[in-house]
Structure formats: structure tokens, C-alpha cells
Amino acid sequence: MVRETGSKKFDSTIEVAVKLGVDPRKADQMIRGTVSLPHGTGKTARVIVFATGPAADAARAAGADEVGGDELIEKVAAGWVDFDSAVSTPELMGKVGRLGKVLGPRNLMPNPKTGTVTPDVAKAVNDIKGGKIEFRIDKQSNLHFIIAWMRSRD
1 MVRETGSKKF DSTIEVAVKL GVDPRKADQM IRGTVSLPHG TGKTARVIVF ATGPAADAAR
61 AAGADEVGGD ELIEKVAAGW VDFDSAVSTP ELMGKVGRLG KVLGPRNLMP NPKTGTVTPD
121 VAKAVNDIKG GKIEFRIDKQ SNLHFIIAWM RSRD
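Under the numbering used here, the first residue of the sequence shown is numbered 1, with each subsequent residue one higher.
Please keep in mind that the hints were generated in silico from the structure rather than gathered at the bench.
None of these values were measured; they are calculated from a predicted model.
Some hints here could point you the wrong way.
[Unchecked claim] Pairwise CB distance ranges (calculated):
{"no.": "1", "residue 1": "E15", "residue 2": "R106", "range": "16 to 22 Å"}
{"no.": "2", "residue 1": "R32", "residue 2": "A148", "range": "17 to 23 Å"}
{"no.": "3", "residue 1": "A78", "residue 2": "F10", "range": "29 to 35 Å"}
Where a beta carbon is used, it is the ideal one built from N, C-alpha and C, also for glycine.
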């Protein structure tokens, strides 16, 4: 239906916005999670991984765009946020937690609830690159996320 009614000459996104009847100020009514889209989002995610040793090697092999420990933490602390998702090993979360002022407002902070703080960083990178998206309600109880991209016809 969207393809037949669209007349744009550029690639567009199909987004979903759902108004939910919950109060996001109450912890038991906070809706947050992840979902893997079967055909991805149409966009390749840029993923960084905070890891050292064998976990860093596994992240590089999985296709992470940037991998590092203290040097990557310093780079992000200086204001570099040219990525879509961040993954961390539990061992480095003590240091990564200090990046809250930089990563928090952009919703880029690794979180165990969404699977971005894990010892298996290779699986997390593959999931994110494969089309896993995060969702959460905003202050007005709305749930927003992109479900697809539509390419224009030539």
C-alpha cells in the first residue's frame, strides 16, 4: 500500500508511532526492549565495542566499526559520537559508566536490559548489524521506531 501511494523521488522511512495508555514515570509501566526485524532496517548500523583481549578480537571479527578499551573511552569522552550503537563487556562498564553525560542523552549507553552489555560481544554486534532495534516510550507515553525503508522507483 505504501509503495503504490508514494510519489517521492528519494528513499524514505516507514515509522510507527503508538500512543500507549501508561504512565512512564512509574517503573512498572515503563516499556522498553529490543526486537529483531526479519529483513533489517535497510541501513547498516555503525557499532562500537568497548572491549579488550579476546573479546575485542571477536568484536572485530564480527564487523564492529570501532573496538577499544581506554583509548576508545577517551575518544568518546572527548565528544566523538559518530555511531549508532555501543556494546560493552561487563568488565569495562565501570569505566564506560563515566561516559553517561555523553552517551546517555543520545540513548547510546550500553545497557544489560537491551543486550548491549554482554560477555558475548560478537553476538551483540551481529544482532545489531542484522536489524535489531531498540524501543522505549517517551515522556508522553508514545512508542516510536522505524520498521522499514522504502526505495524510490527509478
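Verification of the hints:
In this structure, E15 and R106 meet the distance hint of 16 to 22 Å, their C-beta atoms being roughly 19 Å apart. For the hinted restraint 17 to 23 Å between R32 and A148, the CB-CB distance of approximately 22 Å keeps it satisfied. Checked against the hint of 29 to 35 Å, the C-beta distance between A78 and F10 comes to roughly 34 Å, which is consistent with it.
Of the numbered hints given earlier, the model fails none.
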